[in-house]
Amino acid sequence: MTTPCRNWLLPLLALPFSLPALAAPASPLPAPLQALEQQGYEILDRFSAPGGMTGYAALYLSRPQTIYLTADGKQAIVGAMLDSKGQAWNQAGLDKQFSQALWQQLEGSFWIADGESKAPRVLYAFTDPNCPYCNKFWNDARPWVKAGKVQIRHIMVGIIKPDSPGKAAAILGDSNPAAAFDRHERQHASGGVKPLTAIPPAVQAKLDSNHRLMERFGAFATPMIFFKDDKGKMQKVQGAPPASSLRRILGPR
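In my numbering, the protein residues as written are 94 to 346.
Taking lysine-lysine pairs in the DSS-like style, the calculated list, with each CA pair at most 30 Å apart, reads:
hint	residue 1	residue 2
1	K299	K254
2	K326	K178
3	K326	K239
4	K254	K287
5	K239	K229
6	K326	K242
7	K254	K229
8	K287	K239
9	K324	K242
10	K189	K178
11	K239	K321
12	K299	K329
13	K229	K211
14	K329	K242
15	K211	K321
16	K211	K299
17	K287	K229
18	K324	K239
19	K211	K239
20	K299	K239
Pairwise CB distance ranges, derived in the manner of DEER restraints:
hint	residue 1	residue 2	range
21	A181	R309	23 to 29 Å
22	R214	D275	18 to 24 Å
23	G241	L175	43 to 49 Å
24	R156	N269	36 to 42 Å
Read the hints as simulated data drawn from the structure, not as lab findings.
Built from N, CA and C at the ideal position, the CB exists for glycine as well.
Generate the whole structure from the sequences, applying the supplied hints.
This is the structure we're talking about:
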């Protein structure tokens with residue numbers, strides 16, 4: 094796998110994965126959960142747990158965490174719940190829940206669609222317009238995209254070079270972002286789109302939101318690709334995947 098393009102300001106952090114979703118957390122959260130939020134926990138979803146407890150899917154330092162609130166609502170326990178066999182309780186269900194919760198955050202980002210809306214497989218990729226490995230992945234994926242098998246949703250960020258935000262803004266702010274993105278990728282070797290020198294506030298807000306999401310996912314390099322495997326579990330790939338991995342990520346051609 095090729096080395097990803099790294100943020101020219103920030104170090105790369107790794108993100109271990111796997112989870113799907115439940116009902117949204119209650120508002121306001123119980124006091125123990127509010128205390129954990131003040132310590133940096135981000136509550137994603139809640140679910141029913143054994144013993145009258147309520148479980149919560151959360152992120153802490155970009156890492157998935159499980160929290161259990163006691164029945165009286167006065168204490169919170171962070172960590173895995175074990176069953177009578179010493180195995181993590183409902184691990185498959187928890188994996189599914191986290192995956193759904195995180196996938197929903199990707200869906201809510203400001204992305205540019207590459208491929209048909211009815212494609213059977215959807216991927217998300219944090220993409221910097223100056224990233225050569227992002228462009229390599231774009232080229233490698235052409236057979237799947239052209240065949241209508243995959244839609245890649247590029248979450249535009251500007252982190253690699255000083256003019257990356259301007260280029261990302263030029264694409265996002267275009268009257269036809271998908272067409273602008275396609276032109277940029279085809280002309281990548283010659284520099285692609287001309288960066289905006291003054292980014293409109295509305296476009297800057299989208300870039301800022303995408304950047305915050307990238308940080309939340311513990312990703313500080315591009316491309317960072319997210320997809321669901323054959324079991325519906327969310328997986329990530331960092332950097333341009335090698336040819337041997339494309340079928341696993343993009344599905345059958």
